[in-house]
Amino acid sequence: MPVSSTDRHCIFSLRAGYIDMELVRILFFTFLVAKEQVYGATLLSQYQKEMDEVKLYFYTPHTTHDVTKEDIYPSLGVQPQKQLKVLIHGWNAACDHIATLPIQSAYLIRNDCNLLVADWSNVSAQLYPTARKLVLPVGYRIASILARFMDRFAIGHDQVHIIGHSLGAHVAGNVGRYFAGRLARITALDPAGPLFRPNSRDAVAPTAAQLVDVIHTDGSVLGELVLRGHIDFFPNGGLSPQPGCETLDLLTLHACSHYRSTGFFAESILLPNNFIARQCNIQQTSTGQPQGCLPVSTNFTLEMGDQIDNLIRGTFFLQTAPVPPYGLGNITTAKSSMNARIGV
129 MPVSSTDRHC IFSLRAGYID MELVRILFFT FLVAKEQVYG ATLLSQYQKE
179 MDEVKLYFYT PHTTHDVTKE DIYPSLGVQP QKQLKVLIHG WNAACDHIAT
229 LPIQSAYLIR NDCNLLVADW SNVSAQLYPT ARKLVLPVGY RIASILARFM
279 DRFAIGHDQV HIIGHSLGAH VAGNVGRYFA GRLARITALD PAGPLFRPNS
329 RDAVAPTAAQ LVDVIHTDGS VLGELVLRGH IDFFPNGGLS PQPGCETLDL
379 LTLHACSHYR STGFFAESIL LPNNFIARQC NIQQTSTGQP QGCLPVSTNF
429 TLEMGDQIDN LIRGTFFLQT APVPPYGLGN ITTAKSSMNA RIGV
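Counting in this note's numbering, the sequence shown runs from 129 upward without gaps.
Honestly, the hints are just simulated from the structure, not real lab data.
Heads up, the beta-carbon is just placed ideally off N, CA and C, and yes, glycines get one too.
Don't take every hint at face value.
Here are the simulated lysine-lysine pairs, DSS-like style, with alpha carbons at most 30 Å apart [stated by the list, open to error]: (1) Lys183 / Lys197; (2) Lys177 / Lys261; (3) Lys177 / Lys197; (4) Lys261 / Lys183; (5) Lys210 / Lys197; (6) Lys261 / Lys210; (7) Lys210 / Lys177.
Okay, the calculated beta carbon distance ranges per label pair [stated by the list, open to error]: (8) Asn327 / Thr426: 38 to 44 Å; (9) Arg238 / Thr413: 37 to 43 Å; (10) Gln417 / Pro189: 32 to 38 Å; (11) Arg310 / Gln209: 18 to 24 Å; (12) Thr413 / Arg329: 22 to 28 Å; (13) Phe428 / Lys177: 25 to 31 Å; (14) Arg310 / Cys241: 18 to 24 Å.
With the hints as extra help, turn the sequences into a complete structure.
Below, the structure is given as structure tokens:
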């Protein structure tokens, strides 16, 4: 389906004037985690009402239905032979949040798949340390609804692609764990870094699905540079500020760079082949901390985004433009400024 310039603008334009208060809170409440002593079943029981309100919505270009209400299944218009996309928002957000709405809109414009969008807003609205601890039960709650939906419409594991942003990327990983890693694919868009360790058992990981691909765009602040997938992409080295975010990161406490991952992915849905990446090596500080990914001398390339080669593994670098369309196609050469920026 052809995409008009108006549609493209609506989907990919950044709303540069906003200041997202979730990012103010994430930096502040991270420092309070040591004071929070509620764990496990006690924490879960405390937020059981919010957990019960976690929902999945089935979207078409013209309708939206809550699939936790199974009596509406006959009227949904699901096409079981098509791929099923499941979109999961991040912390202090909802199903129509600015970070994930471009992806939702792009899939609806393309209109060639079944689309479910998660809403765990009542849980994600909690203080960040609490929401972070609940990524496992939230993932299992979403997965249990998804499993009933798949059973009802005979949708196979090999048809399911989960896409999660920020804290929702780790929720997506736990959806995959519920299915014992049998789902076809999980895409983790700038997975949240605060309060996660490289070995966190509830973080997204390669074992969560048959293919796990990750896009890192704010690895030094709200995201992370930890390798979480079979394929990890590092646009512009994976560090902030991403091109075009130099001022906006200061105004939005890194929302610009953090949300670039969703902007890149959304663009790839309607403009395939826009993001061509080449292999890179993770750079480290003298203390062994990851510090971006520098391209290596090779002609081997891989497309980043919705369409991907599921047989490839590794780490990949690409450059992007400061404004939409972000993709530069085959322009993947490294610049000396990038080398200096990541300390090589």
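Right, here's what the structure says about each hint:
1. Distance hint between Lys183 and Lys197 is fulfilled; the C-alpha atoms sit about 10 Å from each other, no more than 30 Å.
2. At roughly 16 Å between alpha-carbon atoms, Lys177 and Lys261 fall within 30 Å of each other, so this suggested pair holds.
3. Taking the CA atoms of Lys177 and Lys197, the gap is about 17 Å. The hint holds against a cut of 30 Å.
4. With a CA separation close to 19 Å, the supplied pair Lys261 and Lys183 stays within the 30 Å bound.
5. Using a Cα cut-off of 30 Å, the hinted pair Lys210 and Lys197 holds, with the two alpha carbons roughly 22 Å apart.
6. Simply put, Lys261 and Lys210 have alpha-carbon atoms about 34 Å apart, too far for the 30 Å limit, and the pair is violated.
7. Note on Lys210 and Lys177: the hinted pairing is violated, with a Cα-Cα distance of about 34 Å set against a maximum of 30 Å.
8. Judged by the Cβ atoms, the range 38 to 44 Å given for Asn327 and Thr426 is violated: they are separated by roughly 30 Å.
9. For the pair Arg238 and Thr413, the beta carbons lie near 42 Å from each other, so the given range of 37 to 43 Å is met.
10. As the Cβ distance of Gln417 to Pro189 is approximately 45 Å, the hint placing it in 32 to 38 Å is violated.
11. At roughly 19 Å, the beta carbons of Arg310 and Gln209 sit within the given window of 18 to 24 Å.
12. Roughly 26 Å separates the CB atoms of Thr413 and Arg329, a value that falls within the hinted 22 to 28 Å.
13. Judged by the Cβ atoms, the range 25 to 31 Å given for Phe428 and Lys177 is violated: they are separated by roughly 51 Å.
14. Our hint of 18 to 24 Å for Arg310 and Cys241 holds, since their Cβ atoms are close to 19 Å apart.
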